[in-house]
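Novice: Read top to bottom, the protein sequences are chains A and B. Each residue of the first sequence is one higher than the one before, counting from 1 in the numbering used here. Each residue of the second sequence is one higher than the one before, counting from 109 in the numbering used here.
Don't read these hints as lab results, they were simulated from the structure. Glycine included, C-beta positions come from ideal geometry on N, C-alpha and C. Some hints could be false.
What the hints assert, rightly or not - Derived pair list, reagent style DSBU-like, types lysine-lysine, alpha-carbon separation capped at 35 Å:
(1) 255/B / 280/B
(2) 56/A / 332/B
(3) 246/B / 332/B
(4) 280/B / 332/B
(5) 284/B / 332/B
(6) 56/A / 284/B
(7) 56/A / 255/B
(8) 284/B / 255/B
To be verified - Calculated Cβ distances over 10 Å to all of chain A for the following chain B residues:
(9) 124
(10) 132
(11) 197
(12) 204
(13) 243
(14) 300
(15) 354
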Amino acid sequence: MPELAIPVAVDADEVLAEVTVMIRTLLEHYGLDDVAIGRWCRFHDDLDLESIDLVKLATALRDRYGEPVNLAAFLAGLDLDALIGLTVGHLVDYIVAALRATGTERRR
Amino acid sequence: MTLLTVCGLDVHVQRLLPRGDGREAPLVVCVHGILTDSLASYYFTLGPALAAAGYEVLMYDLRGHGRSHRPAGGYQLERFVGDLRHLLDRLNVRRPVHLIGNSFGGTVAFGLAAANPELVASLAFIESEPALAPWQPKMAANLARAKRELVREESLAWIATEYNPHTARLAKGAAKLLHSTTIAEDIPASQVLTEEEVAAIQAPVFGIYGDRSDLAAQAPWLEKLLPRCRTVVIPDQEHSVLIERTPLTRALLLEWLGEHALSAPAGPVRPIRPSR
């Protein structure tokens with residue numbers, strides 16, 4: 001497991017703040033800059049993002065957090081309804097769990 | 109996001125690399141369908157499992173779709189086939205690839221296998237068919253109906269009720285593509301293959317159908333035409349096999365690729381290195 005070049009925040013609020021910035025970048029594609037983003041937001045129904053936007057988000061997450069945060073693998077494990085209903089909060093919880101699991105492994 | 113210029117268009121490409129010992133992995137190239145589809149359909153279904161199983165996975169958005177450029181015209185099948193050929197060339201792929209094509213993506217895959225057999229090690233398709241003469245009028249009718257219906261609020265409301273609001277949104281996106289480009293007119297004007305050209309495909313072929321789709325009736329014909337063809341028909345399933353039956357599709361394709369890709373002798377190999 002390669003060491004990450006930048007310190008990783010394994011604090012849910014900090015992860016939420018970082019993810020929010022990434023989502024704002026996605027929304028810029030649609031010319032939207034005043035959308036409220038919070039844990040409750042569903043990617044498809046509330047943020048109006050498409051699956052292809054989540055592909056871009058997956059790349060941004062990998063660039064920020066490294067290999068342990070694999071959005072493609074996480075979403076591939078969900079059924080269609082869960083995928084469509086995915087919220088920002090679900091994503092943040094997944095990232096925090098993935099980073100904490102990696103930290104635990106490293107300490108062993 | 110990686111954008112590569114292919115045939116004068118920016119093409120959105122995503123790659124997943126296998127974990128492993130650094131030896132060259134077989135390359136699986138995933139081609140998505142038209143209108144409501146994008147590379148996301150693979151990225152969140154098959155892609156991670158293929159990479160975990162030891163394959164290098166290349167996914168891209170077809171012209172006009174996803175985050176690739178959307179030209180006003182030029183949507184004939186041969187343009188899509190040419191894009192794929194040039195994409196492989198642009199990425200310096202020098203080994204035959206394993207194609208997976210969903211719906212229209214399978215038709216593109218058949219087109220490449222017929223035109224450039226040296227590039228194709230195997231071909232798996234989900235709910236698809238090679239483009240023969242009868243394909244043209246069928247596509248013309250389907251696309252004309254989609255172009256007409258998907259702008260009607262009643263139709264979108266019906267889709268939202270019958271399927272889900274997400275599918276209705278995808279349909280709305282498809283309507284935009286149909287009305288801002290000549291895709292509905294270009295596809296029926298494509299060059300098609302003869303039965304002899306399809307029969308000459310030497311690569312092993314694997315087809316997955318849903319039994320409630322009109323394509324499933326072609327399975328016996330294709331198996332007879334292609335000696336190295338095997339098909340599976342999934343019961344109680346319509347056209348959206350990849351999305352609605354993901355675990356089964358994944359298992360079938362992994363099993364089939366295991367037979368044809370992992371056991372195949374390594375050919376001349378050069379790594380692919382897309383510029384970022």
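Novice: Which hints, by number, does the structure contradict?
Specialist: 2, 4, 5, 9 and 15
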